[in-house]
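Engineer: The listed protein sequences derive, respectively, from chains A and B.
Okay, so the first sequence: first residue is 32 according to the working numbering, each after it adds one.
Okay, so the second sequence: first residue is 32 according to the working numbering, each after it adds one.
Among the clues, some could well be false.
As the list makes no split between identical chains, a pair holds if one copy fits it or if it spans any two.
Said to hold, decoys possible - In the BS3-like style, the derived pairs of lysine-lysine whose C-alpha atoms are separated by at most 30 Å in a straight line are:
| id | residue 1 | residue 2 |
| --- | --- | --- |
| 1 | Lys118 | Lys308 |
| 2 | Lys276 | Lys196 |
| 3 | Lys175 | Lys288 |
| 4 | Lys118 | Lys211 |
| 5 | Lys308 | Lys276 |
| 6 | Lys175 | Lys276 |
| 7 | Lys211 | Lys196 |
| 8 | Lys130 | Lys211 |
| 9 | Lys175 | Lys211 |
| 10 | Lys288 | Lys308 |
| 11 | Lys276 | Lys211 |
The hints are simulated quantities; they were obtained by calculation from the structure and are not laboratory data.
Since the model is a prediction, treat every value here as computed from it, not as a measurement.
As a plain string of letters, each chain reads:
2 protein chains.
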Amino acid sequence: MHHRRFEVTTLGTGAALPARGRYPTSQLVNVNEGLYIVDCGEGTQERLRELGVNFVRIQRILISHLHGDHYLGLMGLISSMHLMGRKEPLFVHGPPMLKEIIDLQLRASATWLRYPLHFTPTVPESGAEVFADARVRVTALELKHRIPCTGFVFTESPALRSLRKDRVHMIPHFKRQAVKMGEDLQLPGGPHYTNAELTEDPPAQRRYAYCSDTAYEPALVPFIEGVDLLYHEATFTETLRARAKETMHSTAAQAAKLALAADVGKLLLGHFSSRYKSSDELLQEALPIFPRTMLSDEGMTVVVDPRSIV
Amino acid sequence: MHHRRFEVTTLGTGAALPARGRYPTSQLVNVNEGLYIVDCGEGTQERLRELGVNFVRIQRILISHLHGDHYLGLMGLISSMHLMGRKEPLFVHGPPMLKEIIDLQLRASATWLRYPLHFTPTVPESGAEVFADARVRVTALELKHRIPCTGFVFTESPALRSLRKDRVHMIPHFKRQAVKMGEDLQLPGGPHYTNAELTEDPPAQRRYAYCSDTAYEPALVPFIEGVDLLYHEATFTETLRARAKETMHSTAAQAAKLALAADVGKLLLGHFSSRYKSSDELLQEALPIFPRTMLSDEGMTVVVDPRSIV
Chain A
32 MHHRRFEVTT
42 LGTGAALPAR
52 GRYPTSQLVN
62 VNEGLYIVDC
72 GEGTQERLRE
82 LGVNFVRIQR
92 ILISHLHGDH
102 YLGLMGLISS
112 MHLMGRKEPL
122 FVHGPPMLKE
132 IIDLQLRASA
142 TWLRYPLHFT
152 PTVPESGAEV
162 FADARVRVTA
172 LELKHRIPCT
182 GFVFTESPAL
192 RSLRKDRVHM
202 IPHFKRQAVK
212 MGEDLQLPGG
222 PHYTNAELTE
232 DPPAQRRYAY
242 CSDTAYEPAL
252 VPFIEGVDLL
262 YHEATFTETL
272 RARAKETMHS
282 TAAQAAKLAL
292 AADVGKLLLG
302 HFSSRYKSSD
312 ELLQEALPIF
322 PRTMLSDEGM
332 TVVVDPRSIV
Chain B
32 MHHRRFEVTT
42 LGTGAALPAR
52 GRYPTSQLVN
62 VNEGLYIVDC
72 GEGTQERLRE
82 LGVNFVRIQR
92 ILISHLHGDH
102 YLGLMGLISS
112 MHLMGRKEPL
122 FVHGPPMLKE
132 IIDLQLRASA
142 TWLRYPLHFT
152 PTVPESGAEV
162 FADARVRVTA
172 LELKHRIPCT
182 GFVFTESPAL
192 RSLRKDRVHM
202 IPHFKRQAVK
212 MGEDLQLPGG
222 PHYTNAELTE
232 DPPAQRRYAY
242 CSDTAYEPAL
252 VPFIEGVDLL
262 YHEATFTETL
272 RARAKETMHS
282 TAAQAAKLAL
292 AADVGKLLLG
302 HFSSRYKSSD
312 ELLQEALPIF
322 PRTMLSDEGM
332 TVVVDPRSIV
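Using the sequences provided together with the hints, build the complete structure.
Structural biologist: Structure, rendered in structure tokens:
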């Protein structure tokens, strides 16, 4: 149904203390061949290498907050891109202090990057635009954590309208792109066709919401309502609800509750505390509340399907 | 012969651009059960975990210079120690700017470490003392790199004198420690024995020199002369000698030449450029010049043997 790719690949599933083969948080989001890194814990570049990702293709890196398990792999990745001879600009979005951290470390190593690095500070304010390019528009989510923390909603750009099979022969090739883009058809000396007569609605714009470290936050619901895929941290099970509250993290049940309230397509859990040998425990807690729940796994890719085909 | 442990475990063998399963530079040095980390590239904590090293036992971390491949794993390790509930002080030695980098990142994550972190700036001046504790004394080497870069010479503390087998029965148990420490023996009403009559010289103090990133630097010879083990970077082969010069790195042949000039016990090569699929090429270049050359390998432990038994 969808010719355009929209995928989320998990590069790390662990929480603050990496253990049990779990790398800290990072995801690779591919929207129609635009590559975006979301959070970048230590070892992210190693995981990318394992997956055979060409670093040059990475256009933007989004950092949710400045706890080490979400950004300590960034400098290494920036440095590797430099050493690999990158020329293309890299866009980094994150908390304002991240700029200071990058600059200080570049200065310490006397590195002058061979490519332009454009930094844009993020504001953790739900609905605020983080960036928009030809493929996707990303807005912020105000998460509830111990330090300012921004989640992200990816909305793919609208697809072109589809030409109706029974009308396509009536449209000369040189006019098809214009019609797909919504224009009516008026050929010299011919009848006038409205766009609605010639085309069908394109597939709905798919949406993916990334809720990095956060306490249970129902205020997010209006901003993530109906997304096709929701990633939500699930650091603990309900047994450790008090610990979750204290550290401003969520339990698997809370993540599921939010997914249910926001009526999302699918829920992807991650950021598992090192105390859980198996993340199945977390899945079992979430499933009865929200059945369309999945566990993230190192290197696993999830396709962002439209909700309708769930 | 030696009851006291003196070992170097390689945690990463790669150069600036990690690749081919090579982690960036880091070593774990164990001197008589004191654990010291020398350089700390991204992923060091992962390697330590693979090797089953208890992080609490790590007493000091020494950083040679502020190129990312030598220190970007430090913050993650500091943070993990914190999360694991460390109480014991941690001593960090490195270039002055490293303190700023650590402080800024702790501030950004609003982390107040649960353990004291004592930072001491290093001065890349050959012979200058970096630290000394009960087990080892470490002095600096002034390496020749693009930014200030300090090598390290580890000299184990002198062992106690050995009691002569044919005399040990003459020394009451409560006096043995004192005699081992060099005292004469005078028992009430008994004869006087000089220490030399009762003991033998202890094994020589073993020495290990770590030459992190550096161009070929013969000025190091007086400071590493006769060490039992020399680690020296070997980023390139002679084919890329110009590139080595330009980037202020060494070829395998240059490392071997230095080992020969300094008459060291063994030479351990590392910091292999990602262009070398196999590091054998580097070994083959060094061996004809200095036969007692070894390649470092991820996770490999080398015992610092006294030169005499080489």
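Engineer: Checking lysine 211 and lysine 196: alpha-carbon separation at most 30 Å within a copy, between copies, both or neither?
Structural biologist: For lysine 211 and lysine 196, the Cα distance is within 30 Å only inside one copy (13 Å; across copies 97 Å).
Engineer: Given a CA cutoff of 30 Å, do lysine 276 and lysine 211 count as a within-copy pair, a between-copy pair, both, or neither?
Structural biologist: Neither: 50 Å inside a chain and 58 Å across chains, both beyond 30 Å.
Engineer: How do lysine 175 and lysine 211 come out at 30 Å by Cα distance, when the copy is not named: within, between, both, or neither?
Structural biologist: neither (42 Å within a copy, 63 Å between copies)
Engineer: Checking an output row: lysine 308 and lysine 276, CA cutoff 30 Å. Within, between, both or neither?
Structural biologist: within (22 Å within a copy, 49 Å between copies)
Engineer: Is it within, between, both or neither when you check lysine 118 against lysine 211 at 30 Å Cα-Cα?
Structural biologist: Close neither inside one copy (34 Å) nor across copies (65 Å); limit 30 Å.
Engineer: As a check of your reading, is lysine 288 near lysine 308 (CA-CA no more than 30 Å) within one copy, between copies, both or neither?
Structural biologist: within (24 Å within a copy, 50 Å between copies)
Engineer: Checking an output row: lysine 175 and lysine 276, CA cutoff 30 Å. Within, between, both or neither?
Structural biologist: within (11 Å within a copy, 51 Å between copies)
Engineer: State whether the alpha carbon distance between lysine 130 and lysine 211 is at most 30 Å within one copy, between copies, both, or neither.
Structural biologist: Result: close neither inside a copy nor across copies, 42 Å intra and 58 Å inter.
Engineer: Between lysine 175 and lysine 288, at a C-alpha cutoff of 30 Å, which is it: within one copy, between copies, both, or neither?
Structural biologist: The answer is within: 16 Å in one copy meets 30 Å, while 59 Å across copies does not.
Engineer: Using 30 Å as the alpha carbon limit, work out where lysine 118 and lysine 308 are close: within a copy, between copies, both or neither.
Structural biologist: For lysine 118 and lysine 308, only the inter-copy Cα distance (25 Å) is at most 30 Å; the intra-copy one is 42 Å.
Engineer: Tell me, please, which holds for lysine 276 and lysine 196 at an alpha-carbon limit of 30 Å: within, between, both or neither?
Structural biologist: Classified as neither; 55 Å inside a copy, 66 Å across copies.
Violated hints for the displayed structure, listed by number in ascending order: 2, 4, 8, 9 and 11.
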